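Student: The chain contents come next:
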Amino acid sequence: MAGHESRPVLQFAPFQSSVDEGFWHRLSSLKLNKLGIDDSPIPITGFYAPSAHPQVSNYLTLLAESLPTEPCEQSSVATVIRGNRNRCSAPGILYNTNTLEGFHAIDKQSLLKAEAKKVWESIHSGEAEEDSAILSRFLLISFADLKKWSFHYCFAFPALVLDPPATLLDLRPASQYFSIQEAESVSAACNDWRNSSSTADVPFFLLSISSNSHATVRHLKDWEACQHGEQKLLFGFYDPCHLPNNPGWPLRNLLAFICSRWKLEKVHFFCYRENRGFADLGFSLVGEALMSVPQVERLMKGWEDPQHIPSAVGWELNRGKKVPRCISLAKSMDPTRLAISAA
Amino acid sequence: MVLSQKFHEAFKGTVERITNPRTVSAFKEKGVLSINEFIVAGDNLVSKCPTWSWELGEPNKRKSYLPMEKQFLITRNVPCLRRAASVEEEYEAAGGEVLLENEDNDGWLATHGKPKETKSDDEENLPSMETIEISKNNTIQSISSYFGGEEEDDIPDMAGYEEVDNVIETDAATLQSTYLVAHEPDDDNILRTRTYDVSITYDKYYQTPRVWLTGYDESRMLLTPENVLEDVSQDHARKTVTIEDHPHLPGKHASVHPCRHGAVMKKIIDVLMSRGVEPEVDKYLFLFLKFVASVIPTIEYDYTLDFDLGSSST
Chain A
1 MAGHESRPVL QFAPFQSSVD EGFWHRLSSL KLNKLGIDDS PIPITGFYAP SAHPQVSNYL
61 TLLAESLPTE PCEQSSVATV IRGNRNRCSA PGILYNTNTL EGFHAIDKQS LLKAEAKKVW
121 ESIHSGEAEE DSAILSRFLL ISFADLKKWS FHYCFAFPAL VLDPPATLLD LRPASQYFSI
181 QEAESVSAAC NDWRNSSSTA DVPFFLLSIS SNSHATVRHL KDWEACQHGE QKLLFGFYDP
241 CHLPNNPGWP LRNLLAFICS RWKLEKVHFF CYRENRGFAD LGFSLVGEAL MSVPQVERLM
301 KGWEDPQHIP SAVGWELNRG KKVPRCISLA KSMDPTRLAI SAA
Chain B
1 MVLSQKFHEA FKGTVERITN PRTVSAFKEK GVLSINEFIV AGDNLVSKCP TWSWELGEPN
61 KRKSYLPMEK QFLITRNVPC LRRAASVEEE YEAAGGEVLL ENEDNDGWLA THGKPKETKS
121 DDEENLPSME TIEISKNNTI QSISSYFGGE EEDDIPDMAG YEEVDNVIET DAATLQSTYL
181 VAHEPDDDNI LRTRTYDVSI TYDKYYQTPR VWLTGYDESR MLLTPENVLE DVSQDHARKT
241 VTIEDHPHLP GKHASVHPCR HGAVMKKIID VLMSRGVEPE VDKYLFLFLK FVASVIPTIE
301 YDYTLDFDLG SSST
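Quick mapping for you: the protein sequence lines, in order, are chains A and B. In terms of my numbering, the first sequence opens at residue 1 and continues consecutively. In terms of my numbering, the second sequence opens at residue 1 and continues consecutively.
Same shape as in the complex, but just chain B:
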């Protein structure tokens, strides 16, 4: 972790300890939430989208300013079928709008895909050596060795221990190797379905919700933070999405940094109001999750879109 980030964390922690939580609503003026508004919006999310629920988290990390049984929100086991990075490539290949790389960060949009690069469409269709190798022996062995390559260095190879016990389970009623028959994109042999636990905490310093991601691979083993960044829009990876300590759970998790959340939410609220829609604070998290979906476009969590954004005048 960068030193400046550490300093900021320490500073933020001190400010959080000595300031009182927000009690006056500034939802429309600043796009921020008071603690009570966070609870109201969270209750509404849980009731409309029951895959979300309130959690207690680690007892020693409990925040006294939040109700004990409503420390944070979580939805578990959310599928992520494709990598955000590959989706962006497809989008570019299809001639979508592309933010061109620019050192000064005042990037401009190219509306018909990336300007011609050396790579032509024909070349893209040529199979690479890797895919040839995988399709040549597309059996259980090849897939497990493929995963084996991704393994952490310090995890011992357990294959040496195989079959030391006497467990012989030949049972006609057990469906064999289910993870191979999972629904996967047909166009390649690589299993890509990751799953995510997505949680929303209340950030007392920024007075906004904050999103956290815990990723798992196909066999539900923890992903490294580096792997998680593949599922983040590449414009945001390592910039607005950082790896930090979760406020209620153990370990390091990827998080969308909340420093701009208030401003972005304020913009969304302004747009709604300009259309004559009166935004209601209990719908804050729906708007918020819709905005977060632009950062993590391939993680299919639920924020039910078919709701009315308040009393529309149209």
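So that you can see chain A by itself, here it is in the shape it has in the complex:
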């Protein structure tokens, strides 16, 4: 730790959740028609995109489509969703309890740990290199009170903790980091990446810039191939955060991944953000993070011993407090109320 005091700790803006009304409608019908009292965890899909307005962050959003479809429906829906640039999918898991008591009795810490373990294992197995979206894995616990049409819930976005934390050497708008020629090429390359349906929803990537200022966006798995000839190599991610001085949450697991997979101590990262759907380098950030040697060594130890899982954080706060959220949809779900409002 000595000598690091002068450098600020790299702080990440927590991911924020948003649940569409349709999600609760479909969960209710799944619960009533299919699940019954079966409370085994359900795999779900969340959606997010880079921040698109300088005033608001993007959210990890749950829609009706986040839940598995009921058997009567076609499975073709899932294939249509892919490639939508405004919906990068992140895998999640839902623990829906049968009682409010059960909801409050959930051991949140061990559930978070279990999800962090999955992230860690996907890094270890190389799976995260192939399908980077799994670095943004999330967890939702809920209690659906179908008598009162209210839903209690709490999100977690598990992040592996680097100990000691990474420090920040530099952070500035991308437009100040790149030369004018580089910036033009970076914008063009990112827009191509976002416009191609095969890469539009791939939220982590490599940005390489050759000595003649030509930028290329590549998949994470091409890291080896980028080791010669390139002048600059940055690790990019779709940043849901809008803040000018902090990168968003997805960078945390990306750094843990970089640190353990490629044993890098010093990395340049690129927080990709948009304006009106196009790359905005004045709004995007480029930073340089330093991860200390003991960190890398500690992670290396973990690398050799997959049983060792780094500690994790990530439960979402509700307006600054550690309380679950609650939404009442009686107005749109309660048949009595619907009948009254229709009369």
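There is no bait here: all hints are sound.
No farther apart than 27 Å at their CA atoms in a straight line, the calculated lysine-lysine pairs in the BS3-like style are these:
| no. | chain 1 | residue 1 | chain 2 | residue 2 |
| --- | --- | --- | --- | --- |
| 1 | B | K61 | A | K331 |
| 2 | B | K63 | A | K331 |
| 3 | A | K232 | A | K221 |
| 4 | A | K147 | B | K61 |
| 5 | B | K252 | A | K147 |
| 6 | B | K252 | A | K331 |
| 7 | B | K252 | A | K34 |
| 8 | B | K6 | B | K239 |
| 9 | A | K331 | B | K239 |
| 10 | A | K34 | B | K63 |
| 11 | B | K252 | A | K148 |
Covered by chain A, according to a simulated footprint, are these stretches of chain B (three or more residues, beta-carbon under 8 Å):
| no. | stretch |
| --- | --- |
| 12 | 64-78 |
| 13 | 212-220 |
| 14 | 239-252 |
Treat the hints as calculated values from the structure; they're not laboratory data. Just so you know, these numbers come straight off a predicted model, no measurement behind them. By construction, the Cβ of each residue, glycine as well, lies at the ideal position given by its N, Cα and C atoms.
Following the hints, put chain B in place on chain A, whose structure we already have.
Tutor: Only chain B this time, still in chain A's reference frame:
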């Protein structure tokens, strides 16, 4: 919902079921769109303004006359930094044109603000008791209790359950309380950034697009329709903007009623043609969204203005 509105909905639904969709273009003559033209205009919107995308919606609400993967258009998480109502007050205070209240609705314009009312500028600058109270303890607590007051009656207070679990997250790398450091107007301590999901559906009866609003508060919790009406131009709230069932999504949403859309679009198209601009049908939604912006002036959705409105002769 008013009974007459219900009857109309039922009537409209029946007409929609028994009539064939429009196939002949009447875009220039009536300001309306055929289904194919709606798809063409929607594709163009999605390609020029990529924050918009096509959606499937609820499978059981799917309209067979629209392609399965192009049921409606949506742009999510659009910021709304100020309430339309407060913007109008400022405009009036600044001496803008004001439509004076009139029972017969043949309102006339006052061009230098509202005629003097009892309230003078000095009085307006006096802080009210509410703002004093908020600024006195402008901490996390005061803001959450402020929001707490807005809460639905039947939502139980979860504060009693706080800290029953053993989650202790002290982590130096987590940025604390981000929602407080969001960009907010500096002149007060109240967080006002709402966000909206704005969707455009095709209304088969009126043969025009129709706009729907789903509002969320600062922590992305659903707004009640009453709150949504604060973000609608007050000339339109509860008149042209109504709360109805969304044709593709569950729940009640605010919508700009499409009964006058064709006529308004026809007017806009006529103005363009009189200037020698030949309007193209694939730009219909840009014109349409520009017109909708007068109804929801503070919701900053994208309809990129810097496009050429067709082949201009000027």
